[in-house]
Amino acid sequence: MMRQGKLVHIAKIVVQLGRGLNGVFAAIFVFGLVFSVLKAPAIDAQLTLKYGPRLDVETARHFFQGVLLLGLPAVYATERLFASLRAILATVGMGDTFSAANAARIRLIGWMLLTLQLVDVALGVAAGIARSLRLDFITWTPSFTGWLAVLVAFVLAQVFSAGTRMRDELEGVI
Amino acid sequence: MAVRVHLDEMLHRRRMTLTDLSDRVDITLANLSVLKTGKAKAIRFSTLEAICHALDCQPGDLLTFDSGEQP
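Residue numbers (this note's numbering), protein chains in the order written: chain A, 287 to 460; chain B, 300 to 370.
For the record, the hints were derived by calculation from the structure and aren't laboratory data.
The beta carbon of each residue, even a glycine, is placed where N, CA and C say it ideally should be.
Please note that the accuracy of each hint is not assured.
To be verified - Under 8 Å between C-beta atoms, here's a sample of chain B residues computed to sit facing chain A:
| id | residue |
| --- | --- |
| 1 | Val324 |
| 2 | Leu328 |
| 3 | Asn330 |
| 4 | Leu334 |
| 5 | Ala339 |
| 6 | Lys340 |
| 7 | Ala341 |
| 8 | Arg343 |
| 9 | Thr346 |
Work out the full structure: start from the sequences and follow the hints.
Structure, rendered in structure tokens:
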């Protein structure tokens, strides 16, 4: 029991740190987008300097803006995911985990993980575009564990729904 | 509910209180009260056995079915 309490405490700290880090990423994405719009000529100049005059700088800039835009649904999904996780951890502390609310939260986590996976796929497409534009970009590989996590979250949500129904049934049993 | 619980009458006949029964059958007063007032959704065989043992009665003395009442 003591170990479980410690684990919950650590999980709460990790969630809090994750939310903070996600907030930083959100700020970076928004700042990057605003900066790329306001300082477009300066960015174009930098891109020309790096890749040479043969690069279509406007397309390249739009590409990077698109990638920054992709970050927004990712940070939104991550925030919703962490908020749900924090709420679930709070119920663990109160000893009331099997509830309809937690089942809904886990389902929401599943949807948010799915959103993150779709963003990841979009990043894969972006990596392909970057290659065709001859731009330096991340090396993308499909995340199979991510898709597995989506599946696990939805299955767990079903398990929690069934558990809640069973507990409700048992409540009136003497 | 169509199934009626006659715990109150049984206790009265045996000059026992719900607290006495609670001590004897090791079931909380709150749960026995739920049973007595007919608010319980179900009763375990083990509970029924313990109450029958404590009150020296049959399950049929505690529970009756009223076919005229809607479930």
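Taking the hints in turn, this is what the structure says about them:
Hint status for B/Val324: violated, given a least beta-carbon distance of 11 Å to chain A, over 8 Å. Using the Cβ-Cβ criterion of 8 Å, the hint placing B/Leu328 at the interface with chain A is not satisfied: the shortest such distance is roughly 12 Å. At its closest, the beta carbon of B/Asn330 sits 5 Å from a beta carbon of chain A; the interface hint therefore holds under the 8 Å criterion. Nearest Cβ of chain A to the Cβ of B/Leu334: about 5 Å, under the 8 Å cut. The hint holds.
Given the 8 Å rule on beta carbons, the hint for B/Ala339 holds: about 5 Å separates it from the nearest Cβ of chain A. Interface hint status for B/Lys340: upheld, as the beta-carbon distance to the closest one in chain A is roughly 3 Å, under 8 Å. Restraint check, B/Ala341 versus chain A: the minimum CB separation of about 4 Å is within 8 Å; hint holds. The restraint placing B/Arg343 at the interface with chain A holds, with a minimum CB-CB distance near 6 Å, inside the 8 Å limit.
Satisfaction of the interface hint for B/Thr346 is found here, the shortest Cβ-Cβ separation to chain A being roughly 5 Å, below the 8 Å cut-off.
Checked against the numbered hints above, the structure breaks hints 1, 2 and satisfies the rest.
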